[in-house]
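In order, the protein sequences belong to chains A and B. For what it's worth, UniProt numbering labels the leading residue of the first sequence as 1, then goes sequentially. For what it's worth, UniProt numbering labels the leading residue of the second sequence as 1, then goes sequentially.
Hint data in this document are derived by calculation from the structure and do not stem from the laboratory. Remember, it's a predicted structure, so these values are computed and weren't measured experimentally. Treat the hints loosely; a few may be bogus.
For identical chains, the list gives no copy identity; a pair is met inside one copy or between any two copies.
Stated by the list, open to error - Derived lysine-lysine pairs resembling DSBU-like cross-links, with alpha carbons at most 30 Å apart:
| no. | residue 1 | residue 2 |
| --- | --- | --- |
| 1 | Lys651 | Lys352 |
| 2 | Lys651 | Lys29 |
| 3 | Lys166 | Lys207 |
| 4 | Lys305 | Lys352 |
| 5 | Lys525 | Lys207 |
| 6 | Lys211 | Lys166 |
| 7 | Lys651 | Lys295 |
| 8 | Lys211 | Lys525 |
| 9 | Lys305 | Lys66 |
| 10 | Lys141 | Lys166 |
| 11 | Lys141 | Lys651 |
Each chain, written out:
Protein chains: 2
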Amino acid sequence: MNLAALLTSAGINIAVCVILFSLYSVLRKQPCNVNVYFGRTVSITKRRSDPFCLERFVPSASWLVKAWRTREDDLLAVGGLDSVVFIRMVIFSLRIFSIAAVICVFIVLPVNYHGQTTNHPGIPEESLEVFTILNVQEGSKWLWTHCLALYIITASACILLYFEYKHITRLRLAYITGSSLSPSHFTLVVRAIPWSPEESYSDSVRKFFTKYHASSYLSHQMVYRVGKVQKLMSNAGRMCKILRDVSVEQTHTPDLFHCGMCGGATDSLKILATDSESVKGKSSLIDNSLGGRKKVCAAAFVFFKTRYAAVVTSKVLQSSNPMHWVTDMAPEPNDVYWSNLWIPYGQLWIRKIATLLATIAFMLVFLIPVTFVQGMTALKSLEKKFPALRGLLKKKFMSQVITGYLPSVVLILAFYVVPPVMMLFSTVEGWISRSQRKKSACFKVLYFTIWNVFFVNVFTGSVISQLSVFSSVKDIPGQLANAVPAQAKFFMTYVLSSGWASLACELMQIYPLLCNYIRRFILLKEGYNDTLSFPYHTEIPRVLLFGFIGFTCSILVPLILPFLLVYFVLAYFIYRNQILNVYIAEYESGGQFWPMIHNTVIISLLMMQIIALGVFGLRRTPIASGFTIPLLIFTLLFNEYCRQQFKPVFKNHVAEILIDMDQKDEQSGRMEEAYQQLHSAYCQAPITPDDSCSSGGSTRHEGDIVPDPENAKPPGEEPSQINPSWNVTFDGAESRKI
Amino acid sequence: MNLAALLTSAGINIAVCVILFSLYSVLRKQPCNVNVYFGRTVSITKRRSDPFCLERFVPSASWLVKAWRTREDDLLAVGGLDSVVFIRMVIFSLRIFSIAAVICVFIVLPVNYHGQTTNHPGIPEESLEVFTILNVQEGSKWLWTHCLALYIITASACILLYFEYKHITRLRLAYITGSSLSPSHFTLVVRAIPWSPEESYSDSVRKFFTKYHASSYLSHQMVYRVGKVQKLMSNAGRMCKILRDVSVEQTHTPDLFHCGMCGGATDSLKILATDSESVKGKSSLIDNSLGGRKKVCAAAFVFFKTRYAAVVTSKVLQSSNPMHWVTDMAPEPNDVYWSNLWIPYGQLWIRKIATLLATIAFMLVFLIPVTFVQGMTALKSLEKKFPALRGLLKKKFMSQVITGYLPSVVLILAFYVVPPVMMLFSTVEGWISRSQRKKSACFKVLYFTIWNVFFVNVFTGSVISQLSVFSSVKDIPGQLANAVPAQAKFFMTYVLSSGWASLACELMQIYPLLCNYIRRFILLKEGYNDTLSFPYHTEIPRVLLFGFIGFTCSILVPLILPFLLVYFVLAYFIYRNQILNVYIAEYESGGQFWPMIHNTVIISLLMMQIIALGVFGLRRTPIASGFTIPLLIFTLLFNEYCRQQFKPVFKNHVAEILIDMDQKDEQSGRMEEAYQQLHSAYCQAPITPDDSCSSGGSTRHEGDIVPDPENAKPPGEEPSQINPSWNVTFDGAESRKI
C-alpha cells in the first residue's frame, strides 16, 4: 500500500462523512425526526413542529456552532458528571495528540523519511513503510529524536492526566455536595439476611438494626421477587395491550397490511384481547390469593437518619459470618437494577468467576472474524480463497478499496455484537445498579477491543499463532516493535473507517432513524419515542482504543497522528451535540469512569514505552533503551501517586463532606424533607398498571411491581408499604436502553 | 546417589538429633541454663535453683511428655493466638502428610518401583531414581494410581484446611471478645495531620475530631519525634551506664580480663563514666531549654468512647484529600513500633515500592550461594574447581557426605542472613506495629525461601539459566515434571539436614546458650536474661517450605514422605516445648498469620497439580491430564470460597461483636475503667530513665522518651501529658527481639 492508496481511503471516508453530516443537518430540522435527534429535549418539553419552509432542506453547520459554544457547566447540568468525564477524556486526547502530532510530524517523520531509502520516487508513489521507523538505519544517531519525542509525549501526558484527575476529583466532590437530598445517601442495601424459621426477613432486619444501630436506624423496605405466576400474568397483560393497540389502529386506518394478509388475524387478535382483558380483571383476585407466593428476598433497603451513619454502616463488617448481613451503599433510585437484587448473595462470587471465564472464552472465539479480516489485508491469500474474484481484484481501484477499507468494515460489523454480549455478562455478574453494570461492561468491552483490534491484528500479521507469542515474555517488546509498523496501513485505515465512520453513524443515529421511519410511514404509528441513555460502554472503549493506537503508533508511524487528530476533533463536536440533544441522563455513576480511563491511558503509555524499548533494541541503540527504562519507572510511579492521591475519593464517600451536609441540613430543618422523600424513593413500582403499558418511554424497565404481602399495617411510618393495586410487571422493554 | 547413601545421610542426622536431644534434656536441668531454656517461666516467676543431684545429668524424655500433654487452651493462654495458629499449621501438615504417606508409600511407591527397570540389584544398592516417577513407562496404565493419589491428597487437604480455617476464625473471634478492655479497641492512629501555620498539630486534631466526631471523641495523644540532640544525649547516657556496670563488676571480681589487658582501660572508663554522669546531670536542663526542638509528628493516637465508634472512624475516608487525616485502628500498646510513626505518611507508598524492588534484587543476588550449593551436588564439577580435594573426594564415605549433606548445610548457613535482611526491609516499609512488621517479613522470607530453595534448585539442576525457563510459560509444567524428580536426592537431604537439624538447633537455642556461658563463665556476669518473642518470620516459612516440598514431591518422589513425617512429628513436640518454656508473647497479631499459611498451602497444592499435569503430559496419558484440570479449578474455587467465607474476619473488626462488648461494658459500668486505662496505655515512655538503662529484658525497645513540649497544662484530662522527667531514650537493644 502506498500513500496514494491511503489517500484514496481517506478520500472515501471524507466524502462519506461530509455527506452524512450534511444529511444530518437536514434531517434534524425535519419535525418528524425530532424524537430521534432531540430525544432529550422532547422528553423535557414537548416541542411543537415548525411550519414548513425551505430552510429546512439546506445543510447548515449551526449544530457545530452550538456544540462549540456550550460550556462545561451546562453540559454538567444536562448530561451529568459522567458526560463531562467523557468529554474531558476527548479533550485530553485532543490535547495530547496535538502535542504528539506537532512533535512527531515535524521532527520524527522527516527523520524516518530520510532514513534508509535514499532515492525517493516522489511522495504520492511512496510506500507507507518509508514513513515508519522501519526506514531508519540500525545504530543511527537520529534515533535520539525518537527517544526525545517519547520523553516529551510521556511528560505532557502525565501532566495533562494529573490536572484532569484533579479537576474531575473536584467535580466529583461537588457532585456529592450538590446532590443534597439524594435518598441514596441515606440508604443501605442489605443483602444475605440470614433466614430464620421463627421470624420473617422484615422482622429480622428490624431486630438487627434496632439492636445494633438503634441511634441511626430509621426504617427499611424489603425487596420482593416476582413469582412465576405474576410474571406470566403480567406478560400476558402486556401482550394483550400491545395487540389491542395494533388492532385498534388497524381498524381505524385500513392499509396494505390490513387488507392484504392480516385481515383474518385481526379478528382472532380481538378475541385474544377480550379474553386477556377478562383474565386481567380477575388477576387482582388471583394476586391477592397468591400473595403468599410472592417471595420476599433476603435483601432490603435500610434507611438511616444521617448520611454519615449510612456510610459508616456500609463500611463495617456487620456479622461474624461474612456471608450474612452484607451492607453496601444503595444506588440512586433510578439506578437500581431490581432483578439482580433477588440473586442470593452467596452466588455472587461464583457468578463473577463464571463471567470472567465466559469473557475470556468469548475473546478467544472472536479470533475467527479478526483473523479473517487480517487475511483480507493480505490480498494474495484472498485470491487463493476466492479464485472467482481474481479478475476483479486485479483492478487497481478495487484492490485499494479492499486492502484499505473493507477489513475495517468487517471488523466494525463484527464488533457490533460485542457490547450487548458484554452487557449480558455484566448483568449475569449480579451488579445491583445499572451504572455499575455499565461500568463493568465498559471495562470488558475496553480490554476486549484492545486485545482483539490491537494485539491480535498485530500478531496475526507477523506470527501465525497469537498465543505462542505470549509464551515467550522477553521477546514481546522486539516482536511488537517489528509488528506494529508493519501493520501501519491497517491502523491508519482503521482510524479512517472505523473511527470517522462510527462518529458519523453516532451522529446519524441510524437505528433509531430507521425505526422512526418504519413506525411512522409503514406502521403509521406515533414514531420512535424511546429515550436513550448514553452508551458509555461502547463509546468510552472506542475513544480509548484510538488513544491506545495513537500512543503506540505515534513514534513508529507518525503519519497516523493527523488522522487521529481529525477523529478527536469530530468526536469533540459530535459527542457534545449528542449529549446536549439526544441522550438522557437517567442514572449516573458520578465520574466512576475516570479511574478506568486514567488506567487505560497509563497502560497505553507503558505500551508505547515497551515498544520503543523493543525498537531501540532492534535498532541497536542500547543507550536510548537505557533512557527508556527510567521513563517506564517514572510512569509507574506517577500512576501510583495518582492512585494514592485521587482514587480513594472515587471508591469511598468522604466523611467530612457528609457530616457537613448532615449538620447543615439538621440546622436548616431540611432533614424531615429528606425523610419524607425516602418513603417513596425506592419503590419497586412507581407507575400504575395502565401507565406502564402505554408509556414506552418510561424511565424504569426492570421494576417489577408487586404488592407487599407482609405489611398489612396502615401506611405512614413504614415505607415498605406498597400500594397493592400496582401489580403489573413491565419487563423486557430495554432494547437499546442499556 | 543410591538408597545406601541416603540412609547414611539419614543415619548421621538421626545420630546428631539423638545426641542433641539428650544433651538438651540434660542442659535444661542445669540451674545455670534456666534463663535460656525457661525464659518465659523465669520472666513470670523467679525460679530458685535446685539443689545438686545426680538426676540432673541423666538424659530424660520428660519434656516430650509435658509437650504432649499440654492442651490447646493452655497453649492459648501461654503463647497467645499466634502460637496456636503456628501449632495448628504443624498439626495440619502432620495430618495431611500422614494421609499422603500412607497413600504414596503403599500405592504409588510400588508402582514406581516396578515400572521400567525390571532387574533390581537389591534394595540398598538401588538408585534413588528407581523410586521416582521417572521409572514409570510412557503411556503406562499404572499412572492412574498417581492421578488417584492426587485426587485423594487434594481432597483431604481441602477438607482439613476448611476445618482449620473455621476453627481459627472461631478462635480469632473469641480472642477479640476475650480481650475485653484492650485499649487498642478504643484507639485510632491518625496520620498525615495537615500542618497549619496558625495552630499546633494537637489543636488541629482536637478541632477536627470535636467537629466531626463530637459524640464519640474522647481525647488524644500526640506522637513525638526525638531530635538528634536528645538521641545523642540518651545514647551517651546509656553507654556510660553500661560501661559503669562493666567497670563496677570488674573491680568487684578481678579476673583474667581485668588483670590482663583491661586494667588500664578500666580507669579511663571510670573517668568516662564520671564525665558522662555530670553531663547527664545537666541534660535535663538542656532538655528543657531545647524543648521546642523536639518535633511533634503529624501523627496522634485518638481515643474514642466506644469500640464501635473507633472502628467506624478508622474505616471511612476522613478528608476529601485522601493523603490527609488517614485513620487506622491502633495496634496494642506493646505492639506499637514507635519510630515508624514518625515517618511522614506521604512517603509510605514510595517506601513500599522501594522495598519491593530491593526484595526482588536481593532474591536475584542470592542466586550466587544457591548456584554454588547446586554445584556441590554435582561432584565432578567440584573436583574440577578444587583439584586438591580429588584424593579425598574419591573416598566413598566422603563423597556420600559431600553430596548428601554439605549442600544443605551451606544453604542453611546462607539462609541465616535472610530473615534479618527481610526484617530490615519490613522496618523500612514503615509498618507501625511490630506484629505487622513481623508478618510482612514472614511473607517476604516465605516467598524468598520457596523461590530460592525450590525453583532455583530445581532449575539450576536441569537448565542453565533460571530466568530463561520462565520466559516460556507453557513449557513450565513439563520442565518442572522433569526437574523435580531429578532433584529428589537434594530435597531428601534438605529435609534430613535442614529440617531435622534446624529443629535440633531450635531446641538447643545455641546462640543464647553460648551467650549465657560467655556471660556467666568468662564475663562473670548474671547470665543471659533476654526474653525472646517467637520468631514467626523464620519458623513459619520453614515449616511451610517443607510442606511445599512435600506436596510437590509426594507423587513424584514418595520416598521423601516418611522423612517429612518425622520432621513434622519432631516439630510438633519441639515447638510446643519452646512456646511453653522459652518464648514470651509480648505482642501478637491475633491469628493474622493464618490467611498467609492457607494461601501458601493452596499454592503448594496448585503447584503439585501443575507438576502432575506436566508429568502426565510427558508420560503421554492425556486422559489423566484431562482429569487433573478439574482438580486445579476445584482448588481455585475452594480457595475463593474460603476467602469469601473467612478472610473478612481477619481483615476487619466485626461490628456485631464490638457493639455487644460496648453494650455489656456500659451496662456493667466498666467503661470508666477502660477510659482510665487509656490515659496511660499509649505512653511513648513507660519507664523511668534508670529502669530503662538497667532492665535488659524490658518489653519496650523503640520507646524514645520525650517530654511533651506543648502541653504545659496540669495532668488529668489530657492523656497527651507526659511526665517531663522521662527524657532518656532507650534504643537499639533489639538484637534478637524482633
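Hint check results:
For the homomeric pair Lys651 and Lys352, the shortest alpha-carbon distances inside one copy (20 Å) and between copies (22 Å) are both at most 30 Å. Taking the closest pair of Cα atoms, Lys651 and Lys29 never come within 30 Å of each other, the shortest separation being 43 Å inside a single copy and 60 Å across copies. With identical chains, the CA atoms of Lys166 and Lys207 are at most 30 Å apart between copies only, with a shortest distance of 27 Å across copies and 44 Å within one. With identical chains, the CA atoms of Lys305 and Lys352 are never at most 30 Å apart, being 33 Å at best within one copy and 40 Å at best between copies.
Proximity of Lys525 to Lys207 under the C-alpha cut-off of 30 Å is found in neither arrangement, the shortest distances being 54 Å within a copy and 66 Å between copies. For the homomeric pair Lys211 and Lys166, the shortest alpha-carbon distance between copies (27 Å) is at most 30 Å, but the shortest distance inside one copy (42 Å) is not. With identical chains, the CA atoms of Lys651 and Lys295 are never at most 30 Å apart, being 33 Å at best within one copy and 34 Å at best between copies. For the homomeric pair Lys211 and Lys525, neither the shortest alpha-carbon distance inside one copy (57 Å) nor that between copies (61 Å) is at most 30 Å.
In this homomeric assembly, Lys305 and Lys66 never come within 30 Å of each other (Cα to Cα): the closest approach is 44 Å inside a single copy and 58 Å across copies. Taking the closest pair of Cα atoms, Lys141 and Lys166 never come within 30 Å of each other, the shortest separation being 39 Å inside a single copy and 65 Å across copies. With identical chains, the CA atoms of Lys141 and Lys651 are never at most 30 Å apart, being 47 Å at best within one copy and 55 Å at best between copies.
Violated hints, listed in ascending order, are 2, 4, 5, 7, 8, 9, 10 and 11; each of the other numbered hints is respected by the structure.
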